[in-house]
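Novice: What follows is the residue order along each chain.
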Amino acid sequence: MKLKDVKAKYRELFVVEKAPEEKNKPKDLKKAARDFWYGKPHEERRLGDLYVGDTGLYKHREWRGFMDTMYYFNMIWLYNYAHMVGDIVKYGDGPEGIVDFFKGTMRYRWMGQTYLTVMHWFDRGMEGMRGEAMKASAWHYRGMVSETIRQFQEMFIADKKMHGGKEGKNWSKNIAHNETVGGSFFYPFRGQLEDIPLEMIPYFVSVHVNSHTVLNYIDAAQSIGLPSDPCPMCQAEYGLFVHDDYPDFAPAMITTNEACDGSVATSVLQDWFLNRPLYALPQPMRYDDPLVQKNHQKEIENAWKFIEETYGVKFNWEEYKKTAESFNKLTEFEWEKWDVAANTPYYPISGVAQALYRIYYSQDGDRPIWHEMDEHVKRIMNKTVKNKIETFPKTRHRAIAWSCAPLYYSHWCTWAYNCWGINCVINMDSLMFDQYLRTDTYEHALEDLSWMNEKAPMRAMAVGGHEHILSLFNYMERFNCDMVIMYDQLQCKGMQGIHGVFEDEFRKRNIHAIWVPHALPDKRTVSRKEIRQIINDYMTTVMHEEPLDPTLVDFDDDKSW
Amino acid sequence: MKSFLKFFGKFIGFAAVVYGILFAVFYWDLDGKFMYYIWEPMMIKRFDNMKRADNTTIPYFQKEAVAPSEYTEIL
Amino acid sequence: MKDLVHIFELEDLLQEANNELIRKAKKDGKRVLGYTCYFMPEVLLDLPGCVSCRLRAPRSSSPDMATYYMSNRTCMYGRCLLERALEGGFNFLDAQMATETCTVTCRFQEHLQLMDIIQNPDFFCEFTDVPFKKNDNSIDHFETQLQAHVLDKLNEKFGIDTSDEALLTAIKEHNEVCRLVNEIGSYRRLDEPTITGTEFSIIMLSTLVCPKYLIIDKLKDIAEQLKTRKPDEKKTYRCKVVLSGSEEDDPNFIKLIEECGALVVADRHCYGSIPGREEIVVKEGEKPLHAIARHYLETSQCPRFMDQHIMRDRKQFLADVVKEYKADGLIISQMKFCEYWSYERTIDTLIFPRDFGIPVCSIEKEYVNNAVGQLRTRFQAFVESIELKNIQNSKNNSDKEVTA
Numbered sequence: 001m002k003l004k005d006v007k008a009k010y011r012e013l014f015v016v017e018k019a020p021e022e023k024n025k026p027k028d029l030k031k032a033a034r035d036f037w038y039g040k041p042h043e044e045r046r047l048g049d050l051y052v053g054d055t056g057l058y059k060h061r062e063w064r065g066f067m068d069t070m071y072y073f074n075m076i077w078l079y080n081y082a083h084m085v086g087d088i089v090k091y092g093d094g095p096e097g098i099v100d101f102f103k104g105t106m107r108y109r110w111m112g113q114t115y116l117t118v119m120h121w122f123d124r125g126m127e128g129m130r131g132e133a134m135k136a137s138a139w140h141y142r143g144m145v146s147e148t149i150r151q152f153q154e155m156f157i158a159d160k161k162m163h164g165g166k167e168g169k170n171w172s173k174n175i176a177h178n179e180t181v182g183g184s185f186f187y188p189f190r191g192q193l194e195d196i197p198l199e200m201i202p203y204f205v206s207v208h209v210n211s212h213t214v215l216n217y218i219d220a221a222q223s224i225g226l227p228s229d230p231c232p233m234c235q236a237e238y239g240l241f242v243h244d245d246y247p248d249f250a251p252a253m254i255t256t257n258e259a260c261d262g263s264v265a266t267s268v269l270q271d272w273f274l275n276r277p278l279y280a281l282p283q284p285m286r287y288d289d290p291l292v293q294k295n296h297q298k299e300i301e302n303a304w305k306f307i308e309e310t311y312g313v314k315f316n317w318e319e320y321k322k323t324a325e326s327f328n329k330l331t332e333f334e335w336e337k338w339d340v341a342a343n344t345p346y347y348p349i350s351g352v353a354q355a356l357y358r359i360y361y362s363q364d365g366d367r368p369i370w371h372e373m374d375e376h377v378k379r380i381m382n383k384t385v386k387n388k389i390e391t392f393p394k395t396r397h398r399a400i401a402w403s404c405a406p407l408y409y410s411h412w413c414t415w416a417y418n419c420w421g422i423n424c425v426i427n428m429d430s431l432m433f434d435q436y437l438r439t440d441t442y443e444h445a446l447e448d449l450s451w452m453n454e455k456a457p458m459r460a461m462a463v464g465g466h467e468h469i470l471s472l473f474n475y476m477e478r479f480n481c482d483m484v485i486m487y488d489q490l491q492c493k494g495m496q497g498i499h500g501v502f503e504d505e506f507r508k509r510n511i512h513a514i515w516v517p518h519a520l521p522d523k524r525t526v527s528r529k530e531i532r533q534i535i536n537d538y539m540t541t542v543m544h545e546e547p548l549d550p551t552l553v554d555f556d557d558d559k560s561w
Numbered sequence: 001m002k003s004f005l006k007f008f009g010k011f012i013g014f015a016a017v018v019y020g021i022l023f024a025v026f027y028w029d030l031d032g033k034f035m036y037y038i039w040e041p042m043m044i045k046r047f048d049n050m051k052r053a054d055n056t057t058i059p060y061f062q063k064e065a066v067a068p069s070e071y072t073e074i075l
Numbered sequence: 001m002k003d004l005v006h007i008f009e010l011e012d013l014l015q016e017a018n019n020e021l022i023r024k025a026k027k028d029g030k031r032v033l034g035y036t037c038y039f040m041p042e043v044l045l046d047l048p049g050c051v052s053c054r055l056r057a058p059r060s061s062s063p064d065m066a067t068y069y070m071s072n073r074t075c076m077y078g079r080c081l082l083e084r085a086l087e088g089g090f091n092f093l094d095a096q097m098a099t100e101t102c103t104v105t106c107r108f109q110e111h112l113q114l115m116d117i118i119q120n121p122d123f124f125c126e127f128t129d130v131p132f133k134k135n136d137n138s139i140d141h142f143e144t145q146l147q148a149h150v151l152d153k154l155n156e157k158f159g160i161d162t163s164d165e166a167l168l169t170a171i172k173e174h175n176e177v178c179r180l181v182n183e184i185g186s187y188r189r190l191d192e193p194t195i196t197g198t199e200f201s202i203i204m205l206s207t208l209v210c211p212k213y214l215i216i217d218k219l220k221d222i223a224e225q226l227k228t229r230k231p232d233e234k235k236t237y238r239c240k241v242v243l244s245g246s247e248e249d250d251p252n253f254i255k256l257i258e259e260c261g262a263l264v265v266a267d268r269h270c271y272g273s274i275p276g277r278e279e280i281v282v283k284e285g286e287k288p289l290h291a292i293a294r295h296y297l298e299t300s301q302c303p304r305f306m307d308q309h310i311m312r313d314r315k316q317f318l319a320d321v322v323k324e325y326k327a328d329g330l331i332i333s334q335m336k337f338c339e340y341w342s343y344e345r346t347i348d349t350l351i352f353p354r355d356f357g358i359p360v361c362s363i364e365k366e367y368v369n370n371a372v373g374q375l376r377t378r379f380q381a382f383v384e385s386i387e388l389k390n391i392q393n394s395k396n397n398s399d400k401e402v403t404a
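Residue numbers (this note's numbering), protein chains in the order written: chain A, 1 to 561; chain B, 1 to 75; chain C, 1 to 404.
Bound-form chain A, shown alone:
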């Protein structure tokens, strides 16, 4: 390599070019000192200049002002790296856990290729954020990372594939379930069994961290003849099996029909590949109907009987009660958060942190880490509300995001705020599981548990009648939103099937709605750049607005994680 090439590479990787208008400006030391201490004002940041080509990497990480940069470095970057190591040891059941972690990293693509890039996930989600918003959102991310490590370590410890075909430690105490089966179903067995969603870590969370990996699973699914139009989430879920990239960590499996026809159909293929007792726990489609509740409750009870019989464990009412009550505390805080988000400009959680954290913990069920994180966030939120700190001060539009989000670009809302001042206050999947779990009697408990899971992610709005999906307009009012980001999941038949009604309603109600097409985990169908272009076009041609940060309007990040 020639020196010229080295220099060019260095410039490409590290040197941020000055903006043309900055080049000939005389040096202003006072301003430089102010920028050093407080960070540049939003309109002068030029965040787009920090990217290395289309990689999504940074020439250097953003200077957020002295205090925030130091906070980010110490309390986010260093803190999380250190705690990740701690979690690997802690959840790996001692030093052997490190060996299992290493073996897992070398065995599974979704592990080795994906999760080590996790700090970039933080960077993408918290780009441009300052102060309390940055801090609170980072705590949510920290919770998700810790829980992810717990789950994959539990899988690795038990995994047959990593232990020469023999059952690993705890294998017989693990119960696998489809990622869309709520963790709350297993509360009566917590302490006796470990419930681990089979695809949550290998597929769902991994796409957010690194969108490259999942493409292998989608391709694998299609390689055996599946057309490309079914929901790519389901494709990826069973692609894991075709690609032989699923850990074998439990003797039985529970599956469900949540959230769509594709999920039902996926179960057939999973049953084939897994070949072990599989219990289907379907949920009623017309879930508003009081007459369907008894059937679902009975199915839940049958699932419990199945677990008791398969594992030789006993239903523990006290454990259920304790765990459900503990989960209720998370729900209470969620409602508190919604209240602040809906009625004040002091809500310190970004759109992406809100969405991911909510869907993760509510699906996963009660775990100590969520309480720990909520305590941190509660402290920050109390501070922002008490001191009236506007956490997203450049907000021009309060948006609600509806339908399911692009997993490879869930951080689009960070970009939208930085570029256009669109503050995504709430999203559809955050509004799921909106149910308090009574524990005064067994009957009430069963009733609420059933009802809560009928309102699980995606299905709560997407099935059971058009009135659910059209509740957008009520939520829009409740959260004081003036704009809708309408996710247009191209392969979701349920949402495609009601497309025109939304168009009619938006026109009738004179609502600004931006349709954002995407293919859930598959960034090849609609790229992030195309998504941004659609929003840019709307903001310039319909809203006639100027970007807050022009460097973010058009940039390429096709090869980024």
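Among these hints, one or two may not hold up.
Computed cross-link-like contacts, DSS-like style, restricted to lysine-lysine with a CA-CA straight-line distance of at most 27 angstroms [stated by the list, open to error]:
#1 C:K227 - C:K172
#2 C:K26 - C:K172
#3 A:K394 - A:K378
#4 B:K45 - A:K59
#5 A:K2 - B:K33
#6 A:K160 - B:K45
#7 B:K45 - A:K559
#8 B:K51 - A:K169
#9 B:K10 - A:K559
#10 B:K51 - A:K18
#11 C:K400 - C:K389
#12 A:K161 - B:K51
#13 A:K103 - B:K10
#14 B:K45 - A:K161
#15 B:K45 - A:K9
#16 A:K559 - A:K18
#17 C:K255 - C:K283
#18 C:K255 - C:K172
#19 C:K287 - A:K298
#20 A:K103 - B:K45
#21 B:K33 - A:K9
#22 A:K294 - C:K153
#23 A:K322 - A:K298
#24 B:K33 - A:K59
#25 B:K51 - A:K166
#26 A:K294 - C:K287
#27 B:K51 - A:K160
#28 A:K4 - B:K33
#29 B:K33 - A:K7
#30 A:K298 - A:K90
#31 C:K2 - C:K255
#32 C:K234 - C:K2
#33 B:K33 - A:K529
#34 A:K40 - B:K33
#35 A:K294 - C:K283
#36 A:K59 - A:K40
#37 C:K283 - A:K298
#38 A:K103 - B:K2
Hint data in this document are derived by calculation from the structure and do not stem from the laboratory.
Since the structure of chain A is already known, use the hints to place chains B and C on it.
Specialist: Same frame as chain A, but now just chains B and C:
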């Protein structure tokens, strides 16, 4: 006391250097660059060349270990 | 073979949803109740005073208005139904008895609820929840649903008698039609079938879209004629196949397969008769509604069922059909964008040739079948491959005999 102070001073100095290096790694996104340019291609190569079981060759009618029928059948 | 009696008449009746017999039933004062899915028991919609009509959108072209509402990424069957409804083609319906059994037909039916599409002041659309399993719990649930969302509604809105006696009468008439269809269909099991797949498909579809009391005599005539109908002296087909898959209500599609040399001897698809035309058995002491709920869950082979053993048995069932009807192969046809069948087709395509030794032709098609040329090529190639296989097999057998 003097030797302790000396040790402490050295420790602080060492910690400061480590801290400085870590800050440089953080600020210049060296962790990201390492992952992107070195680690990930290495892993892709590894996983692309990994020998994998062809699960589609599993006979469909393997009748072992299915769910207890009393929960799933019409009685 | 000699033309079947009434066959052209029945074919004509399939040319529009609001056919001559539906119009006659309306004149007779009957309520016409639409439905789309096998899970809505047609026997309940044929109670005295009303007639069932399984919705089709014959002679559809491009469903432009429906595509605006449902996008072009949904199953065309659902869109064509909506288009037909928007055009006014379903204004004859007095009610739509809906099920949320697959996403797109559900959305179509929700449009009927949400928008003022059906120009009939009495019209209403009511949904029934259908379980995903075949256990006792599901049957009880389904029975409750049918009572509340079908029988009670029919009684409340139209004053239909929904007593057990009325149900038993409806079951009796329904079973009579099933018996006749089964009798007619049984000739497909012969070594040399005396009815073609196209003819059977016309007859079967007629029973779904016409008032039963107005076609039962025609079915009797056909059954009578088949008793003496002789096959052509020279075989007009090169192999026999079973057609399995998603929604299929177009006899011309069956005709296309048969033109390529494959006689369709069994129809295991939505709108088909296997399952679809089994007689309802009311067990001793069983309430008729419970028997109906049990019957429809027990007989259905829909890929929507999730019980582990049912998922597995479904494959065996299909293999048994192939054997019973002495078919040489299996055509698995999936409506584009049908999620259930895209998975089912994938897995069937892999396992049937390998685990059962049954050759499979796996296709994806649209409701409005524009890709006739491509499909014809596929079917012709499939027929040739079966012929080659048969030649190979007979050669191997004769070699064995020589060796022996």
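Novice: Each of the hints needs a verdict: does it hold here or not?
Specialist: Against the structure, the hints come out as follows:
Simply put, K227 (chain C) and K172 (chain C) have alpha-carbon atoms about 24 angstroms apart, close enough for the 27 angstroms limit, and the pair holds. Of the pairs offered as hints, the one joining K26 (chain C) and K172 (chain C) holds, with about 22 angstroms between alpha carbons and a cut-off of 27 angstroms not exceeded. At most 27 angstroms may separate the alpha-carbon atoms for a hinted pair to count; K394 (chain A) and K378 (chain A) meet this at roughly 23 angstroms. For the proposed pair K45 (chain B) and K59 (chain A), the alpha carbon gap of about 26 angstroms is at most 27 angstroms, so the pair holds.
For a cut-off of 27 angstroms, the pair hint linking K2 (chain A) to K33 (chain B) stands: about 21 angstroms separates their Cα positions. Of the supplied pair hints, the one linking K160 (chain A) and K45 (chain B) holds, its CA atoms being roughly 24 angstroms apart against a limit of 27 angstroms. With a C-alpha separation of about 17 angstroms, the suggested pair K45 (chain B) and K559 (chain A) falls inside the 27 angstroms cut-off, and the hint holds. Under the criterion of a C-alpha separation no larger than 27 angstroms, the hint pairing K51 (chain B) with K169 (chain A) is consistent with the structure, at around 25 angstroms.
Taking the CA atoms of K10 (chain B) and K559 (chain A), the gap is about 44 angstroms. The hint is violated against a cut of 27 angstroms. For a cut-off of 27 angstroms, the pair hint linking K51 (chain B) to K18 (chain A) is broken: about 49 angstroms separates their Cα positions. For the hint linking K400 (chain C) to K389 (chain C), the alpha-carbon distance of about 16 angstroms falls within 27 angstroms, and the restraint holds. In summary, the hint linking K161 (chain A) to K51 (chain B) is supported, as the alpha carbons are separated by about 13 angstroms, within the 27 angstroms threshold.
Proximity of K103 (chain A) to K10 (chain B) is assessed by CA-CA distance (about 38 angstroms); at most 27 angstroms being required, the pair is judged violated. At roughly 20 angstroms between alpha-carbon atoms, K45 (chain B) and K161 (chain A) fall within 27 angstroms of each other, so this suggested pair holds. Between K45 (chain B) and K9 (chain A) the alpha-carbon distance is near 24 angstroms, which keeps this suggested pair within the 27 angstroms criterion. As the CA atoms of K559 (chain A) and K18 (chain A) are separated by approximately 24 angstroms, the hinted pair is consistent with the 27 angstroms bound.
A C-alpha spacing of about 40 angstroms is found between K255 (chain C) and K283 (chain C), which places the hinted pair above 27 angstroms, so the restraint is violated. At most 27 angstroms may separate the alpha-carbon atoms for a hinted pair to count; K255 (chain C) and K172 (chain C) exceed this at roughly 33 angstroms. Only pairs whose Cα atoms come within 27 angstroms are accepted, and K287 (chain C) paired with K298 (chain A) is accepted, the gap being roughly 22 angstroms. Restraint check: the Cα-Cα separation between K103 (chain A) and K45 (chain B) comes to about 17 angstroms, which is no more than 27 angstroms; the hinted pair holds.
A distance of roughly 12 angstroms separates the Cα atoms of K33 (chain B) and K9 (chain A); the hinted pair therefore holds under the 27 angstroms criterion. With a C-alpha separation of about 21 angstroms, the suggested pairing of K294 (chain A) with K153 (chain C) holds against the 27 angstroms cut-off. Distance restraint check for K322 (chain A) and K298 (chain A): the Cα-Cα separation of roughly 22 angstroms lies within the 27 angstroms cut-off, and the hinted pair is therefore satisfied. Taking the CA atoms of K33 (chain B) and K59 (chain A), the gap is near 9 angstroms; set against the 27 angstroms cutoff, the hint holds.
Our distance criterion of 27 angstroms between C-alpha atoms is met by K51 (chain B) and K166 (chain A), whose separation comes to about 19 angstroms. The hinted pair formed by K294 (chain A) and K287 (chain C) meets the criterion: a straight-line CA distance of about 20 angstroms does not exceed 27 angstroms. Proximity of K51 (chain B) to K160 (chain A) is assessed by CA-CA distance (about 17 angstroms); at most 27 angstroms being required, the pair is judged to hold. Using a Cα cut-off of 27 angstroms, the hinted pair K4 (chain A) and K33 (chain B) holds, with the two alpha carbons roughly 21 angstroms apart.
Restraint check: the Cα-Cα separation between K33 (chain B) and K7 (chain A) comes to about 17 angstroms, which is no more than 27 angstroms; the hinted pair holds. Only pairs whose Cα atoms come within 27 angstroms are accepted, and K298 (chain A) paired with K90 (chain A) is rejected, the gap being roughly 38 angstroms. The straight-line distance between the Cα atoms of K2 (chain C) and K255 (chain C) is roughly 17 angstroms, inside the 27 angstroms bound, and the hint therefore holds. Simply put, K234 (chain C) and K2 (chain C) have alpha-carbon atoms about 14 angstroms apart, close enough for the 27 angstroms limit, and the pair holds.
With a C-alpha separation of about 22 angstroms, the suggested pair K33 (chain B) and K529 (chain A) falls inside the 27 angstroms cut-off, and the hint holds. This hinted pair checks out: K40 (chain A) and K33 (chain B) have alpha carbons roughly 25 angstroms apart, not beyond 27 angstroms. Proximity of K294 (chain A) to K283 (chain C) is assessed by CA-CA distance (about 25 angstroms); at most 27 angstroms being required, the pair is judged to hold. The straight-line distance between the Cα atoms of K59 (chain A) and K40 (chain A) is roughly 17 angstroms, inside the 27 angstroms bound, and the hint therefore holds.
The straight-line distance between the Cα atoms of K283 (chain C) and K298 (chain A) is roughly 25 angstroms, inside the 27 angstroms bound, and the hint therefore holds. At most 27 angstroms may separate the alpha-carbon atoms for a hinted pair to count; K103 (chain A) and K2 (chain B) exceed this at roughly 48 angstroms.
Consistency note: the structure conflicts with the earlier hints numbered 9, 10, 13, 17, 18, 30 and 38.
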